[in-house]
Amino acid sequence: MEKINSSLSEQQKFMKMAIAEAKQARILDEVPIGAIVVHDGQVIGRGHNMREKFQDVTYHAEMLAIMEACTNLGSWRLEDCDLYVTLEPCIMCSGAIINARIKNVYYGATDPKAGAVDSLYHLLSDSRLNHQVNVHSGVLRGECSQMLKNFFREIRRRRKEARRKNKTNP
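So for the sequence shown, the working numbering puts the first residue at 1; every next one is plus one.
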């Protein structure tokens with residue numbers, strides 16, 4: 001576990017843990033997104049993207065962290081829990097967050113293409129639903145965003161290199 005600076009706020013400390021999970025995803029060549037669930041100041045669920053490894057669309061960081069938290073609490077209700085995630089949750093993950101009745105969501109980077117918390121939709125605060133979640137955006141935004149930018153820059157570089165290589169080796 002990486003050492004976390006004691007001058008960081010509690011939210012930043014927990015987001016650093018989510019970032020550590022995202023780094024685990026990156027090692028697996030997955031999109032670097034990480035999440036943790038916190039209950040009474042203790043991490044009870046961790047997850048990082050593993051869609052490629054398991055070829056399962058539901059293996060998002062948030063889903064895996066929520067599943068582990070439910071197992072550890074022995075309940076699907078996570079009413080007094082907080083979720084920290086490096087990227088704004090999508091529609092699927094937002095649905096799980098609502099259904100689990102998570103109290104607070106802290107996220108780092110926005111997701112203008114799939115974000116269902118603030119960017120495209122506002123599911124977590126929709127009063128028509130049975131549960132609303134307190135949302136705290138932008139926690140360590142720069143670090144979370146840069147991880148994703150670096151990952152996708154590397155993907156584009158590899159693809160370009162592969163196309164160039166294919167043109168020279170028919």
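Keep in mind that the hints are not guaranteed to be accurate.
[Claimed, not checked] Simulated pairs of lysine-lysine, BS3-like, Cα-Cα distance not exceeding 25 angstroms:
| no. | residue 1 | residue 2 |
| --- | --- | --- |
| 1 | LYS13 | LYS160 |
| 2 | LYS149 | LYS53 |
| 3 | LYS16 | LYS103 |
| 4 | LYS165 | LYS113 |
| 5 | LYS13 | LYS23 |
| 6 | LYS167 | LYS23 |
| 7 | LYS167 | LYS53 |
| 8 | LYS13 | LYS53 |
| 9 | LYS149 | LYS160 |
| 10 | LYS103 | LYS53 |
Everything labelled a hint here was simulated from the structure, so no lab data went into it.
Status of each hint after checking the structure:
Taking the CA atoms of LYS13 and LYS160, the gap is near 37 angstroms; set against the 25 angstroms cutoff, the hint is violated. Proposed proximity of LYS149 and LYS53 is supported: the alpha carbons are some 21 angstroms apart, at most 25 angstroms. With a CA separation close to 20 angstroms, the supplied pair LYS16 and LYS103 stays within the 25 angstroms bound. For the hint pairing LYS165 with LYS113, the CA-to-CA distance comes to about 31 angstroms; that exceeds 25 angstroms, so the pair is violated.
With a CA separation close to 15 angstroms, the supplied pair LYS13 and LYS23 stays within the 25 angstroms bound. Restraint check for LYS167 and LYS23: not satisfied, since their Cα atoms lie roughly 33 angstroms apart, outside the 25 angstroms limit. Between LYS167 and LYS53 the CA atoms are separated by roughly 30 angstroms; this puts the pair beyond 25 angstroms, and the hint is violated. Among the hinted pairs, LYS13 with LYS53 is inconsistent with the structure: their alpha-carbon atoms are about 28 angstroms apart, more than 25 angstroms.
Straight-line distance between C-alpha atoms of LYS149 and LYS160 comes to about 16 angstroms, which keeps the hinted pair within the 25 angstroms bound. The suggested pairing of LYS103 with LYS53 is violated, with an alpha-carbon distance near 30 angstroms, which exceeds 25 angstroms.
Hint check: violations occur at hints 1, 4, 6, 7, 8, 10; the rest are consistent with the structure.
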